[in-house]
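A.B. asks: Taken in sequence, the protein lines are chains A and B.
Letter by letter, the first sequence follows residues 1 to 70 in the numbering used here.
Letter by letter, the second sequence follows residues 71 to 257 in the numbering used here.
You may find that some hints are simply not true.
[Said to hold, decoys possible] Per the computed footprint, the stretches of chain A lying under chain B, defined by three or more beta-carbons under 8 Å from a beta-carbon of chain B, are: (1) 1-7; (2) 13-27; (3) 49-61.
[As the list claims (entries may be wrong)] Derived coverage of chain B by chain A (criterion: at least 3 residues anywhere in the stretch with Cβ under 8 Å from a Cβ of chain A; other residues may be distant): (4) 94-104; (5) 218-226.
Calculated directly from the structure, the hints in this document are not laboratory data.
Keep in mind that this is a model prediction, so the values were computed, not measured.
Ideal Cβ positions, reconstructed from N, Cα and C, are used throughout, including at glycine.
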Amino acid sequence: MTLPQLIVFGYLFFVAIGIALAAIGRLKPDLISPLGQILNFVMSHRITRIALFAVWWWLGWHFLVGVTVR
Amino acid sequence: MKERLVRSFNPWVVVFVGMALFHSWRGSIQDIVIFGTASLLILTQVFGLYSLGFRKQPTFSVTAISATVMMSAALLYISPRHGLVNFLVLLAFVPIGYALVMYQDRAHPVPSKQDLRGRLTWAIWALAFAAVELVAYLGSKIVGDLSVYPTISVLLDPILDTPIGRATFVALWLISGVYLFGVRRKP
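Turn these sequences into a full structure, and let the hints steer you where they fit.
C.D. replies: This is how it looks when you write it as structure tokens:
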């Protein structure tokens, strides 16, 4: 496996882990809470809401408006 | 004074100021402005300017959300990437986002051990994901070749350069925002 392939595999691995975590939360809520419930808890703080909005909005900006700095 | 200084080291402030510094090293002015502004907004909250904002989170109907997602996707489909329309669409979501997050905190729910475990697991996941991206970015800087150490931006560039790629991306991005900010979630 080449280095670029390994890095792409790394990204896909974490996407798969994210899907698995979301599924575990739904299927085994006694292990970890469902993602929606965790977000309800996390988003009850205004500072966290602002921070997560800034990160989310920046992602949209970064991919659609900003030019990738190479 | 000492107490104010300690409060200013809120974890989110540290992360955002760190991001602004990282982007100043990268030489990305736009990102410095975004993370710098967010740091200042977070600091206003750390120092208790709670009077900013709304009494409760506004709600949006499924029809309004669907129309917004479809209209944004259509606009990005017909307009070039990095252009004025992309800029205006993204800018339009700043006041909407402000309304969605700048409401007074409800009573904080008491977390169960499953909630705390979940929060820790997701935080580790996000940090590890970001670490892979950081390694790729730093590697590409060292060897001077983004094809050897491709970042997510580099991998998505060919997709986002196509109209259907942009339209799909903005739709998924908006749907993730609806979920993340609990626009349709029951309290």
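A.B. asks: A separate judgement is required for each hint: does it hold in the structure or not?
C.D. replies: These are the hints, each one checked on the structure:
Only residues whose beta carbon comes within less than 8 Å of a beta carbon in chain B count, and the stretch 1-7 of chain A has 3; three or more means the coverage holds. Coverage of the stretch 13-27 of chain A by chain B holds in this model, with 5 residues showing a Cβ closer than 8 Å to a Cβ of that chain against a need of three. Chain B is given as covering the stretch 49-61 of chain A, and this holds because 12 residues of the stretch bring a CB closer than 8 Å to a CB of that chain, at least three being needed. Coverage of the stretch 94-104 of chain B by chain A holds in this model, with 6 residues showing a Cβ closer than 8 Å to a Cβ of that chain against a need of three.
Using a Cβ-Cβ cut-off of 8 Å, 9 residues of the stretch 218-226 of chain B lie near chain A, which meets the minimum of three, so the contact claim holds.
Of the numbered hints stated above, none is contradicted by the structure.
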